[in-house]
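I would like the entire structure built from these sequences, with the hints used as guidance.
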Amino acid sequence: MTNERRVVITGCGVATPFGIGVESLWDGLISGKSGIRKIEAYDPGGFDSVLGAEVPEFKSRDYIPKNYRKSVKVMARDIELAVACAYEAVKDAALVTKCIVDRDESDGPVTICPTRFGANIGAGLICADIQELAGSLQTSGNHETLEFDFKQWGQEGMTTLTPLWLLKFLPNMLGCHVTIVHDAQAPSNTITCGEASSHLAVGEGFRTIARGAADVCICGGAESKMNPMSVMRQQVMGRIVSGHDDTPEAACKPFSHDSDGMVAGEGGGLLILEELESAKARGARIYCEVVGFGAASKITSWHAPDPSGRAVSLALKNALADAKISPEKVDLLCAMGSGICGFDDSELAGIRTAFGDRKNIPAMAIKGSVGMGGAGCGSIDLASTTMAMHHNTIPSSKNAASSQTDGLLQFAENDPVDARIDVAVSQAYSLSGAQTAAVVLRRYEA
Amino acid sequence: MSNRPLSKRRTVITGIGWVTPLGHEIETVWKRLLAGESGVRKTTHFDASTFPSQFSSQVKDFDFAALLGDELAKRHETASLNSKFALVAAKNAWQCAEMDGALALDKTRVGVYLGGGEGPLDFESVAAAAIGGWDSNDGGSLNSVKWAEVARERLTHMMELEQDPNLAASHVAVLLGAEGPSFNTLTACAASTQAIGEATSIIRRGDADVMISGGAHSMIHPLGVTGFNRLTALSTRNDSVESASRPFDRTRDGFVLGEGAAIVILEEYEHAKARGAKILAEVAGYGSTADAFRITDIHDQGRGAVAAMRLAIEDAGLQPTDIEYINAHGTSTEENDKIETLAIRSLFGGTKSAPPVSSIKSMMGHLIAAAGATELITCVLALRDGILPPTMNYQTPDPNCDLDYIPNEPRKAAIKTALSNSFGFGGQNDTLVIRKIKG
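Residue numbers (this note's numbering), protein chains in the order written: chain A, 1 to 446; chain B, 1001 to 1439.
Since the hints were derived computationally from the structure, they do not count as laboratory data.
Among these hints, one or two may not hold up.
In silico lysine-lysine, PhoX-like type, Cα no more than 25 Å apart, as pairs [as the list claims (entries may be wrong)]:
id	chain 1	residue 1	chain 2	residue 2
1	B	K1352	B	K1338
2	B	K1060	A	K38
3	B	K1031	A	K151
4	A	K98	A	K280
5	B	K1278	A	K324
6	A	K70	A	K59
7	B	K1436	B	K1412
8	A	K317	B	K1107
9	A	K151	B	K1042
10	B	K1412	B	K1273
11	B	K1031	B	K1338
12	B	K1273	B	K1008
13	B	K1031	B	K1042
14	B	K1438	B	K1416
15	B	K1107	A	K324
16	B	K1278	B	K1412
17	B	K1031	B	K1273
18	A	K38	A	K59
This is the structure we're talking about:
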């Protein structure tokens, strides 16, 4: 489309097992650290695996103005992660929002018009805090038969839940808290498509700015699976690795023939997408340009991934066509690489179809060190890809095996590799559903 | 600022389908809405007999296999209730659009954008694990090891899979073979309006030629009702359930929880014309804003609502005076109805100059994520037949709500444009404007 407004990335804020902030993520990736450890949030003893990828302790109150601290009590951990990412992203972009002014961190007024500031934040199926919910439900239960007494619950039991209980778990509350704290009044969307959410949200944020409905959009996603309910859900769906409790660093092996599952995690990332002229006008540092977005869907069975990876290939093709970039020009591919065998095979098949004859595509797949945090993991990939381009360095992909991709992907396996990256693609798919998405980034030259 | 790209691709509606508390067919439900019938009854999905709200607007007589056909129903038999609603609505909308066999559709250019809710959780299993995992020593706490023992026995793969909120969109994609862009948004009560607005943009910008869009949701399950009851958002008029939802009436005391699905087939105008499709309406404008105010309250001046309506009207290239009917969010809560009225008054320059407004939630209840799409379909039918559905149960005027709400009786009006509002918890505001165009 001619005359389309161009969109650039000017800030990244992340929460990962390496810490809060994009520097800790990049440092963790290039130094080859692993964020996978025994879960501390609860006793994981009764589960198939004790491993998780937890974000080190942080307090969401440190990322909001003082006058908003009372709202922390209605934030599920997913929301707290989003709030931390938002602050980090805004600071990284050197934007002055209401949050920054309210925290007395700026001498001047806000630098973005609230009605031109949008949000698109991917979210997961936020699990109720099982400790809190169980405390209420058990008041109406028969402890011998485990039966639940609805009459008792309706009369009295439910009053043990705090009145605002529901508001902690609505997926759009990530976006709502972030838009309130930073005063973002332009279109605000919440994409809930599992592991594809962040890519879809960033793609939609890109389109929202391009079509003129906003000048700046904070987008990405966040989710925490580090609670008993979420991990059990993944376990009964057969996705969690087991047998590696004593070797956490080797547990998740993207694209390896002997991989047997993912490590559940948590985290998120929010990117500041900004219309090019608006970014230039305020003298912003520009990491890169968003030049392509593609999405697709296909599912062949509710029990197993599509062996042809058709939706992955369609999303990649759509995104590259949108960017008007041929597959030969891609300098870095960030793959999802869940570590779940059939899914990795499906993803590889899709990549192979989209990239035609290409061999040894420089690639990264970082789930081996950061785990799988659901709706937030894609934006961690996107932030990592952005940093790789910014630093002209491909970080190592822990436990990912180039040799087992049939010559298709070339990971940096031990040490990071220096490489000029002009074009990078990151792609993701939903483990439960049909959705796939890909985002193309290009080096920005002033 | 117009959302319209330079290419001027237009998005039209060529098919509609729904599964609602008032029925599963377009015409039957439309007749019932015009007759002012209520879908609200005593809740039967679970024993709500001691809950503060013992009633809801459930979908009735829903025979999935009969409605979808045995073979297809088998392929989707594991789907959760909301996905099943979506499947039937999507199949009917697709048939309404006469998509099958009309032309060789490029399925990679057909996408899905739903505002689909989460699948109902496996409540009794979750409760059993909670009860079994509870350790009553030391004031009581959850023993996660004991909890896991029960949970791993009771939770099942498919029940957990089908809870993910993108599953309804995935089922619909499978049903109709859509391989284009696929999304699910969950912006609370605004979700399906937002989905249709965003899907409209996707067609305009050229990322797809056809989008299957709308919403599906059921929160009529123990924790859904509990959550809304704890928020005191629901009507507790257990003695007069059919008239419990009374939008804009002074005696309103909360909304009535509903369930269902509504799907529209959106299509690029030239694509629709080329295959000789019957065009029901154009989605002419979309406006989306965030209040960015408070989690628990709507902005007291309706700032975001006014902006969403204004943006949608501008996007359609219209003036407020061009709008001939508003299908309100009109939930029957004290706050929403007051502030929505204020917002309409403020945008349209006073009570006298505002167009007639009605809320079908007085009959349907509130379908949460699916509400906006049922209301947009209602606007399409109002446009088609030149008749506006009433706001039922309107008896006692409220000085804060002083618009023309089309009280209790439908009204003939040959309108060409209609506006539909949806506002979600946390300050999500989405507005669509549709317009009649010649097929």
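Quiz prompt | Satisfaction of hint between K1042(B) and K1031(B), Cα-Cα up to 25 Å | solution = holds, 23 Å
Practice problem: For the pair supplied as a hint, K98(A) and K280(A), confirm whether the alpha-carbon distance does not exceed 25 Å. | Solution: holds, 21 Å
Quiz item: Is the hinted pair K151(A) and K1042(B) satisfied, with a Cα-Cα distance of at most 25 Å?
Solution: Holds, because 15 Å separates the two Cα atoms, which is no more than 25 Å.
Quiz prompt | Hint consistency between K1273(B) and K1008(B) [alpha-carbon to alpha-carbon, up to 25 Å] | solution = Roughly 15 Å separates the two Cα atoms, so the pair holds.
Self-check item: Straight-line alpha-carbon gap K38(A) to K59(A), limit 25 Å
Solution: The given pair, whose Cα atoms are some 21 Å apart, holds under the 25 Å limit.
Quiz item: Does K59(A) lie within 25 Å of K70(A) when you go C-alpha to C-alpha?
Solution: holds, 13 Å
Exercise. Below or equal to 25 Å on CA atoms is what counts here, so check K1278(B) against K1412(B).
Key: holds, 23 Å
Exercise. Would you mind confirming whether the straight-line C-alpha gap from K1031(B) to K1273(B) stays at or under 25 Å?
Key: Given that 25 Å is the threshold and the Cα spacing comes to 29 Å, the pair is violated.
Quiz prompt | K1412(B) paired with K1273(B) [C-alpha distance capped at 25 Å] | solution = violated, 29 Å
Quiz item: Does K1412(B) lie within 25 Å of K1436(B) when you go C-alpha to C-alpha?
Solution: Measuring from Cα to Cα gives roughly 16 Å; hence the hint holds.
Self-check item: Hinted pair K1438(B) and K1416(B), Cα distance within 25 Å
Solution: holds, 11 Å
Exercise. Take the C-alpha atoms of K1031(B) and K1338(B), compute the straight-line distance between them, and say whether it is at most 25 Å.
Key: Roughly 29 Å between the alpha carbons, so the hint for K1031(B) and K1338(B) is violated.
Checked against the numbered hints given earlier, this structure breaks hints 2, 3, 5, 10, 11 and 17; the rest are met.
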